[in-house]
Each structure stands twice: as C-alpha cells, then as structure tokens.
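Asks: Model the full structure from these sequences, guided by the hints.
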Amino acid sequence: MKDTLEIRWHGRGGQGAKTAALLLADVAFSDGFYVQGFPEYGPERMGAPITAYNRLSRNVLRSHSNIYYPDVVVVVDESLIGPVDVTAGLKEDGVIIVNSEHSPEEVRAEFAGYEGALYIIDAKAVSERNIGKNMPNTPLLSSVVKVTGLLSKESFFANMEGSFFHKFAAKPEVLEGNMSALKEAWEEVAEA
Amino acid sequence: MSKKDRLSGNEAVANAIRQIDPDVIAAFPITPSTEIPQYVSSFKAQGKLTSEFITVESEHSSISAAAGAEAAGVRAMTATSSAGFALMHEMLYVVSSDRLPVVMAVVNRALSGPININNDHSDSMGSRDAGWIQLYSENAQEAYDNMLMAHRIAEHPDVMLPLMVCQDGFITSHGVENIVLEDDETVKGFVGEYRPDEHLLDPERPIGVGPYGVSPYYMEMKRGQTEAMCRAEAVIEEVSREFGELTGREYGLFEEYRMDDAELGVLCIGSSAGTGKDAVDMLRARGVKAGLVKLRVFRPFPAAKLASALKGLKALAIMDKTDSFSAQGGPLGAEVRSALYQTGVIVPAVNYVYGLGGRDVRVETFEEIFAELEKIADGAPAEAFRYIGVRER
Numbered sequence: 001m002k003d004t005l006e007i008r009w010h011g012r013g014g015q016g017a018k019t020a021a022l023l024l025a026d027v028a029f030s031d032g033f034y035v036q037g038f039p040e041y042g043p044e045r046m047g048a049p050i051t052a053y054n055r056l057s058r059n060v061l062r063s064h065s066n067i068y069y070p071d072v073v074v075v076v077d078e079s080l081i082g083p084v085d086v087t088a089g090l091k092e093d094g095v096i097i098v099n100s101e102h103s104p105e106e107v108r109a110e111f112a113g114y115e116g117a118l119y120i121i122d123a124k125a126v127s128e129r130n131i132g133k134n135m136p137n138t139p140l141l142s143s144v145v146k147v148t149g150l151l152s153k154e155s156f157f158a159n160m161e162g163s164f165f166h167k168f169a170a171k172p173e174v175l176e177g178n179m180s181a182l183k184e185a186w187e188e189v190a191e192a
Numbered sequence: 001m002s003k004k005d006r007l008s009g010n011e012a013v014a015n016a017i018r019q020i021d022p023d024v025i026a027a028f029p030i031t032p033s034t035e036i037p038q039y040v041s042s043f044k045a046q047g048k049l050t051s052e053f054i055t056v057e058s059e060h061s062s063i064s065a066a067a068g069a070e071a072a073g074v075r076a077m078t079a080t081s082s083a084g085f086a087l088m089h090e091m092l093y094v095v096s097s098d099r100l101p102v103v104m105a106v107v108n109r110a111l112s113g114p115i116n117i118n119n120d121h122s123d124s125m126g127s128r129d130a131g132w133i134q135l136y137s138e139n140a141q142e143a144y145d146n147m148l149m150a151h152r153i154a155e156h157p158d159v160m161l162p163l164m165v166c167q168d169g170f171i172t173s174h175g176v177e178n179i180v181l182e183d184d185e186t187v188k189g190f191v192g193e194y195r196p197d198e199h200l201l202d203p204e205r206p207i208g209v210g211p212y213g214v215s216p217y218y219m220e221m222k223r224g225q226t227e228a229m230c231r232a233e234a235v236i237e238e239v240s241r242e243f244g245e246l247t248g249r250e251y252g253l254f255e256e257y258r259m260d261d262a263e264l265g266v267l268c269i270g271s272s273a274g275t276g277k278d279a280v281d282m283l284r285a286r287g288v289k290a291g292l293v294k295l296r297v298f299r300p301f302p303a304a305k306l307a308s309a310l311k312g313l314k315a316l317a318i319m320d321k322t323d324s325f326s327a328q329g330g331p332l333g334a335e336v337r338s339a340l341y342q343t344g345v346i347v348p349a350v351n352y353v354y355g356l357g358g359r360d361v362r363v364e365t366f367e368e369i370f371a372e373l374e375k376i377a378d379g380a381p382a383e384a385f386r387y388i389g390v391r392e393r
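Here the protein sequences come in this chain order: V and W.
Residue 192 is where the first sequence ends in the working numbering, and the numbering goes up by one at each step.
Residue 393 is where the second sequence ends in the working numbering, and the numbering goes up by one at each step.
For the record, the hints were derived by calculation from the structure and aren't laboratory data.
Even for Gly, the Cβ is constructed at its ideal location relative to N, Cα and C.
Be a bit skeptical, because a hint or two may be false.
So the derived label-pair ranges between C-beta atoms look like this [as the list claims (entries may be wrong)]:
1) W:Lys-222 to V:Asn-66: 41 to 47 Å
2) W:Leu-201 to V:Phe-165: 48 to 54 Å
3) V:Gly-89 to W:Gly-379: 35 to 41 Å
Replies: Here is the structure:
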C-alpha cells in the first residue's frame, strides 16, 4: 500500500456514502492508521449527488482540503456515472470500484476513454442475500479493503466482528448477516 | 492514562464538556455546532454528566442563562455558530463587562448573506471587540485541548473574562480524525473546582452584577476589562505550559512551523494551517525557504511576540477567512500590520482573503501564495490585499 491512501466516495444523499467513509476510517484506525473521514456538506437533499472522502496513512495527517487526486474512487450509485465526472483527477495507477448489477463489459462501456483499473461488486445483491435489504455499505467496505490491500483478510474480519458485536449487541442475527455479507463481497468483487 | 481515539471535532468538544462537567449548560441548536449540545444531552441522559442542562428558545437566551449562572457563582458553558453567534452579540458585551468567565464552544460558520452553512471566520471575527478571549483550533485535538485549558484561563483571578474556543465548521467539526483523550480524572484534576471570590448568592458578601454604569464609573469599568485582557497573555502562556507538562502537547500564543530560517512566511488561523504545513514541506523540498505561523490566540492579540516572529521575513502573506469590508482586507491583516508598524518591523505583506463560505483551501492555494511571495521578495510590488481562490469571471 502507498504511504497515504486517498479515497473519494460518490453516492446520493441517504445512501450512506458518508457512513461508509466513517466506517472505513474506523476500520483503518483500529489497525493503527492515521485516518480522516469527512463528507462535503452543503444544502443536500435525499437523492442529490454527494461526495465523501478518506485519507488513511501511517503518518500524521494534517491537510484539511478535499481530495482532488484520489487513489480510489468508489461509486455507490451507478447512475452518477456521467452526470458526475467520477474519474476526475484519479491518479494514473488509481482504481475505480463500482456498485453495479451489470456485466463487466456493460460497466466498462460507461467509462468511455478510461483505461485504468475497474472493479465491480453487486453490493445490492450481496446485502439483500445476507442482510435482507439493500444496504450497500457493508459489501462496499469489504471490496475497498480487499482491492486496496489496506488490511489483511484475517485482521479485517476479526476487526469487523468486534465492531459489529459491539454495535449489534442486542441483535446477534444482524451480526451474522453483516459478517456473511462482508465475506461474500470479499470473494465476489472482481476486476472488469 | 490517555487514550487514542478517532472523533469529529464536535465529538471531541462534547467529550471535553463531559469531562469538565460544568454546573450549567445552556444551548440552542444551530448548524454546524448542533451536535455539541446533542452529544452533551446524551451524556446527561446516560448519567455521565451532572450539569444542569437548560434548553432555551434562542441564542440570546442561551448566553443570558449562562451569564445568570456565572453571576450566581457557578461554571456555565454554551455552544453556537454563525447567526446564533450573531444573536448573542449584545450579550457577549454584557458577559465580558460583568467579568463572567463563561466558556463557549464556537464552530465557525459564515454569517449571512447569502445564507451559507459552511466555514469561514466571519461570525467570531465580527465580535472580536466584544471583550472575549478567542482561541482558535487547527484540528479536533486542538479544539479538545483548548477546551480543557479554557476555564483555567478564563477563571484565573488576573483575568476573569469569558473565553471562546473556535474550530472550523464541518472541516474539523464533522471530520473524523485521530485524537488523544485524557482520562476523566486527569482532566478534572487539571481544570479544578471553580470558587469565585464574589457571587450573587453569597449572603455574607452581597454584591450587584450588571448595574447601570454611570459616566463617572463607566470608563473605569472598561479600563478594568482591558487591563484583564492585557494580563491574559501571560496567563494563557502559563496554563499552556502546565498543560504541556501534563500531556506532552505544547501550545503557545501561536505556532511557528519551519520559521527559523524562513524568508517567505504565511500567517493563518485554524484548519488551513495543517494544509499550509504540507505546502511548506513540499516547497522546502524544492529549496524554497518557506515557513508558516498559525495564530492560536487572537484576543488578546500577541502583537509584540508575533512581530518578533515575523521580522526576518522577506515577504509575508496574512490570511483572513473573512473580509472586513474596510476596503483594506480582513481583521488579521489590520492587526498584524498595526503590530509590525508599532514595533518598527518592515516586512512587505499581502493580506489574502480566502476560504469564504466553505471555499476549499488546498495545498495548491498555498503554493500559489508562496509563488507570489517569491516575486515580492525579489522586489515586485505587494498589493495591500486581494482575494485568492475566487473565480475572476
């Protein structure tokens, strides 16, 4: 992994892109990283395009600007590709991770002119199968951690089990669903 | 034992308030400071705080309730931003002239108009002459640490003035980052109990608070306030030194970053300083003698010490996150130029107005400024003030 990993999340208001960025910051923090997780705030409404960010590093983070040259772009909502220039500033060796139910060829076609790395995860299907509803955050989180190599599989799962155990102490069945969603997404995220 | 955590600036401040456990908290919600009373009320509901929590109908009332509590001899706190801050304006003067050491968490947000929820310093800078001590924070850690030091400074017998701890709205208030929290006992031990010499509820020594100030007395009251503000500088340094010994985190009136042999310097306040430090490192790697000064204490204004820190520079950028509409730039620009004049230090200086209403401040913004400073150091004329990061057409 690079010295500092900069991630930009594109979602729509209400889909949890901000929560996903904060979750990722949590995961990295518990592995000893310096972290930043922050959304771009404005007069947002449900459904409007929103952006959230992560900086994750082994060194102290001081910069407080938005991220213009990300290493990773995560597209939580595929319908933003086009209306929002999601690849803007993406580093040459950067990676895009898209939440999509479409085939790799179809998703590739949405990024005309983009030659770089592209990963797909059907986070909706994974979460519906395991959690029982469309909660794309958990599978996306797993995909980001795997694709970036931020944490090893073992420490990521152990770490998440601890935090889910704490979070869902009263609802153990939810813990199980979230853990299986993480594991399934880890296997399913694929390069297009 | 201190503990490593990751929190937003608002969570950090709410935790400081929980640990300080003041007698009274009065607050009214306003973005982006709303989370502070929200978290504090949760702590109260969970029994982690003994404070009397007063919900009020406006910020004029929250600061008034805090003033009343302080006059009765107890510790009171509040939090606000932007328009809520402005609604307090009159009462800020009442609190400071009554010498009530209220501590307030300010989450800086643009003051209308047009209406905007994002960060700049127009709210607290608009009340810079209200007689409050103003501490500014670069990140969540500094917001937390400034809160822990606040009462020791404000309630010091040489001072007895209200104090606001400012941090940048959303940028630090809602961004999650690493922080070190001190344990509750350490904080309680450092902050200590508040036992004012005089207060309204002491039947042995009855006093009045806030009477009409007739002309034969009014000016002496103001003189008392200003003398307290003059004494505050040494108290801030003393409390900060003690805090540094306790926690290992050092604070002064301002922070100097790579200033020892700097030829080009930038002076700014708040979260942009971190971004500026990254720019300084980048420029240093290219051989540019760049440095940065971050002002922590704006009131009292550390004029002599600041001028001394800036005197070796060949060019200086003074950065204001608000415009005074004086046609001369912003408040920091005016204060610094006055300080330089008073101490006979001549440094070519440009006052940059930047980051208004949440306009993002990037490493590139600082690179652009340093590039201009380089030209000024080589003899190019320095504009008195200008905007940076603005679309010109």
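Asks: Hint by hint, say whether it matches the structure.
Replies: These are the hints, each one checked on the structure:
no. : hint                               : verdict
1   : W:Lys-222 to V:Asn-66: 41 to 47 Å  : 44 Å, holds
2   : W:Leu-201 to V:Phe-165: 48 to 54 Å : 49 Å, holds
3   : V:Gly-89 to W:Gly-379: 35 to 41 Å  : 36 Å, holds
Consistency note: the structure conflicts with none of the earlier hints.
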